[in-house]
Amino acid sequence: MQLNLIRWRAQRGFSLVELMVGITVGLIVAAGASTVAVNQINEHRRLMLEVQVQQDLRTAADLLQQDMRRAGFRGLPQYSVWQPASGVATAGEVPAQAASANPYSGLVRSEDASYRSLTYSYARAVDNTDDVPLNNEYFGIRWEKATKVLKLQLGPNNWQPITDPESVQIVDFNIDFSSQTTGIADFCDKACTGTGCPEQKVRRVTFTIRGQATHDANVIRTLEGVERVRADAIAGACPP
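Position one of the sequence shown corresponds to residue 636 (our numbering), numbered consecutively onward.
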């Protein structure tokens, strides 16, 4: 009988206090582990949103830079340089031709309450003998303030979005251009002084895109870029 009593006392288990302490400690550990897990999930989600916003901004910047590089392209570049006379004293004589201004060289920045944009033109083909921009040769970049979308103009009144508002909203877009003028009168056959002499304008476009994740207003990224307009603008003319 005494042996059974000792064995029963040895196997009686935890007391109520010990059990409550154990449960409390377990709950604290579980709460800490849950907090760490939730923080890791939120941090991973935030990181994925940051990567997505950055990728969307980079894609949009690449698209607008690719199109902007074509600005000012003249389908008939021979009109931009002086051409000497040919076939002189023959029936097929062609008189000398002076260089003419590039009709595709214009860059126009505009803004109102609805949008901010930069428009330009370039020749789609090299057989436009009229040397005047056609209706389908006007292009541009536009930020629509209400929808917070960035768009490219691919033709007359044809603006196509290059950002998806379901994933990123363009909260700000600024674009501007500057030019550096260099005199090229030294290339004229006759001396040229004063106003009206030929000048070459080297132009550069700068832009800033600020995007915000649609599903998290705290995720904001800014991308800046610079693009040189390859077709320089030529103004003025050599004396005849």
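Keep in mind that the hints were calculated from the coordinates and are not lab data. You may find that some hints are simply not true.
As the list claims (entries may be wrong) - For each label pair, taking beta carbons as the anchor points, the in silico distance ranges come out as: (1) Arg681 with Gln835: 46 to 52 Å; (2) Tyr714 with Ile855: 42 to 48 Å; (3) Leu789 with Glu728: 25 to 31 Å; (4) Glu685 with Gly741: 21 to 27 Å; (5) Arg759 with Ile855: 35 to 41 Å; (6) His850 with Arg744: 47 to 53 Å; (7) Gly741 with Thr817: 29 to 35 Å; (8) Val723 with Gln815: 37 to 43 Å.
Positions of the beta carbon are idealized from the N, C-alpha and C atoms, including for glycine.
Results of checking the hints against the structure:
1. Arg681 with Gln835: 46 to 52 Å: holds (49 Å)
2. Tyr714 with Ile855: 42 to 48 Å: holds (47 Å)
3. Leu789 with Glu728: 25 to 31 Å: violated (44 Å)
4. Glu685 with Gly741: 21 to 27 Å: violated (38 Å)
5. Arg759 with Ile855: 35 to 41 Å: holds (38 Å)
6. His850 with Arg744: 47 to 53 Å: Hint violated: Cβ distance 32 Å, outside 47 to 53 Å.
7. Gly741 with Thr817: 29 to 35 Å: violated (19 Å)
8. Val723 with Gln815: 37 to 43 Å: For glutamine 815 against valine 723, whose Cβ atoms are near 39 Å apart, the range 37 to 43 Å holds.
Of the numbered hints given earlier, the model fails hints 3, 4, 6 and 7; all others are met.
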